[in-house]
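Number of protein chains: 2
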Amino acid sequence: MSLQAITASVLVIGNEILSGRTQDINLNHIATTLGEWGIQVREARVVADIEEEIVAAVNELRSRYDYLFTTGGIGPTHDDITAECIAKAFDEPLVEHPIIAKLIRARPAPDDIMESRLRMARIPQSAKLVDNATGGPPGFRVDNVFVMAGIPAVMQAMLASLDGKLKSGPVVRSRSVTAYLGESQIAAKLGEIQDDFPDVDLGSYPFFQKDRYGTSLVMRGTDEAQLDAMLEAVKEAIVSSGENPHDIQRG
Amino acid sequence: MSLQAITASVLVIGNEILSGRTQDINLNHIATTLGEWGIQVREARVVADIEEEIVAAVNELRSRYDYLFTTGGIGPTHDDITAECIAKAFDEPLVEHPIIAKLIRARPAPDDIMESRLRMARIPQSAKLVDNATGGPPGFRVDNVFVMAGIPAVMQAMLASLDGKLKSGPVVRSRSVTAYLGESQIAAKLGEIQDDFPDVDLGSYPFFQKDRYGTSLVMRGTDEAQLDAMLEAVKEAIVSSGENPHDIQRG
Chain W
1087 MSLQAITASV LVIGNEILSG RTQDINLNHI ATTLGEWGIQ VREARVVADI
1137 EEEIVAAVNE LRSRYDYLFT TGGIGPTHDD ITAECIAKAF DEPLVEHPII
1187 AKLIRARPAP DDIMESRLRM ARIPQSAKLV DNATGGPPGF RVDNVFVMAG
1237 IPAVMQAMLA SLDGKLKSGP VVRSRSVTAY LGESQIAAKL GEIQDDFPDV
1287 DLGSYPFFQK DRYGTSLVMR GTDEAQLDAM LEAVKEAIVS SGENPHDIQR
1337 G
Chain V
1087 MSLQAITASV LVIGNEILSG RTQDINLNHI ATTLGEWGIQ VREARVVADI
1137 EEEIVAAVNE LRSRYDYLFT TGGIGPTHDD ITAECIAKAF DEPLVEHPII
1187 AKLIRARPAP DDIMESRLRM ARIPQSAKLV DNATGGPPGF RVDNVFVMAG
1237 IPAVMQAMLA SLDGKLKSGP VVRSRSVTAY LGESQIAAKL GEIQDDFPDV
1287 DLGSYPFFQK DRYGTSLVMR GTDEAQLDAM LEAVKEAIVS SGENPHDIQR
1337 G
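Taken in sequence, the protein lines are chains W and V.
Quick note: the first sequence uses the numbering used here, first residue 1087, plus one each step.
Quick note: the second sequence uses the numbering used here, first residue 1087, plus one each step.
This is chain W alone, in the form it adopts within the complex:
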């Protein structure tokens, strides 16, 4: 039986990523985590805190992939416009969610501060909550769109709460091997091997390390037997190019 691939996209919302002030690390964590769950991230975008841009990207990505995960823009300040944008994308009103509001009201504050904090309780009408084990307000889900915080520790907690609750397909496994060869020295053989195993993705990633250059060859696919067979073919190609395979890994 061949399971259908389940796909996802990631939308990073935030001027601070596009200005270069902040290095995004959320995409990498989401891609790795979803990969382990049998969900393949196929595309990612980074957009600014601009309503039309966010709404357009959300609508494009949610229709194209099984899931969309967004990060950023769900705090209490004026630049946190993600919830509003998701509501617009789904053409739904933004309403105060009683559970989030109760959670926020449990911690007393002066009126003006409470009013700002309650902004975080306003989510699209049909949204369901996404747990936040760090203790702050939860994220939320509308249909196939998951809306998470931008702070990595908070985002990671929200994502972890979804473990086991999403559709999943076959898990993509990998094999990798390092060759201390220039890519060109092995390129022709790699092309032939890729042709022989059309269902396994063979990537070649050159690197420079100290005085040595080399290439990491990474095989990714869902069929363990094909992965092993391709790994053997790649190892033979390295040997026949006069080198030895190093650092073989299975993932």
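The hints are simulated quantities; they were obtained by calculation from the structure and are not laboratory data.
Among the hints, erroneous ones may be present.
As the list claims (entries may be wrong) - Distance condition first, Cα-Cα at most 30 Å in a straight line; then the derived DSS-like pairs of lysine-lysine:
hint : chain 1 : residue 1 : chain 2 : residue 2
1    : V       : K1275     : V       : K1253
2    : V       : K1214     : V       : K1174
3    : V       : K1275     : W       : K1174
4    : V       : K1174     : W       : K1275
5    : V       : K1188     : W       : K1188
6    : W       : K1275     : W       : K1296
7    : V       : K1214     : W       : K1188
8    : W       : K1275     : W       : K1214
9    : V       : K1188     : W       : K1275
10   : W       : K1296     : V       : K1296
Said to hold, decoys possible - Here are some chain V residues the structure puts well away from chain W; computed CB gaps all over 10 Å:
hint : residue
11   : N1114
12   : H1115
13   : A1134
14   : D1135
15   : A1239
16   : K1321
To be verified - Residues of chain V placed beyond 12 Å of chain W at every Cβ, according to the derived structure:
hint : residue
17   : L1104
18   : A1235
19   : A1315
Quick reminder that beta carbons are idealized off the backbone N, C-alpha and C, glycines included.
Position chain V relative to chain W; hints supplied.
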């Protein structure tokens, strides 16, 4: 005189970013560098090594922004399809560029290896070269699209070669200040300050550090006087919330 903003987008091409195997650091470098040159990165995308995806993203981004910078997929192996995709996006033939071919042929190699290396000489017909001071094959430019390597050190060398050769607009400057306050404690005042200075972007980025939580307030805009005035207003807001402004920076 108010200069027109010059905008850019970044397209990161590579399965290894979407699988989570590699943490992208190119977007951050490009955003920071272009920012210093007076070019504002407005959007970024990450796509897989799939021709239709790359061609579609290139055509969308090159028409929407003044510049598009791509990274990845220009090596000699079968999975390096960026040059072909750029040619398709511009409906141009891919041809062997005599200068790159000469550079590659200067380093002798057996026929099969030379053939693989010469793949890197094939670029779209109207392409102009982008220098690569690391000594490898150059990148290239077609119209407003700059095609660069994925290896960060090589990409950085290619980008550096463009210094002074691109259109530029006003440089976005910044002011930042840290408040050891929760975002909600200052949110209402920040919203008012943002309304008072519509041309300066005021971002609020909460953080947790050791036992303290706080908020970085970042102002970005092209008018130094407005930035300074907004910074004063933000400092006053922090003081009136019972805290002191810390770590003031000008960029």
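Verification of the hints:
1. V:K1275 / V:K1253: violated, 37 Å
2. V:K1214 / V:K1174: Given pair V:K1214, V:K1174 holds - Cα atoms ~16 Å apart, limit 30 Å.
3. V:K1275 / W:K1174: Holds: V:K1275 and W:K1174 sit about 26 Å apart, inside 30 Å.
4. V:K1174 / W:K1275: Within the cut-off at roughly 26 Å; holds.
5. V:K1188 / W:K1188: Since the Cα atoms of V:K1188 and W:K1188 sit roughly 71 Å apart, the hinted pair is violated (cutoff 30 Å).
6. W:K1275 / W:K1296: Measuring from Cα to Cα gives roughly 26 Å; hence the hint holds.
7. V:K1214 / W:K1188: violated, 61 Å
8. W:K1275 / W:K1214: Not satisfied, since the Cα-Cα distance of roughly 51 Å exceeds 30 Å.
9. V:K1188 / W:K1275: Holds. V:K1188 to W:K1275 sits at ~24 Å (cutoff 30 Å).
10. W:K1296 / V:K1296: Violated: W:K1296 and V:K1296 sit about 36 Å apart, past 30 Å.
11. N1114: Nearest chain W Cβ is 5 Å from V:N1114, so the label is violated.
12. H1115: violated, 8 Å
13. A1134: violated, 6 Å
14. D1135: violated, 8 Å
15. A1239: Incorrect as stated: the minimum Cβ-Cβ distance to chain W is 7 Å, not above 10 Å.
16. K1321: holds, 17 Å
17. L1104: Given that some Cβ of chain W is not farther than 12 Å from that of V:L1104, nearest at about 5 Å, it is violated.
18. A1235: For V:A1235, whose nearest Cβ neighbour in chain W is about 9 Å away, the distance does not exceed 12 Å, so it is violated.
19. A1315: holds, 18 Å
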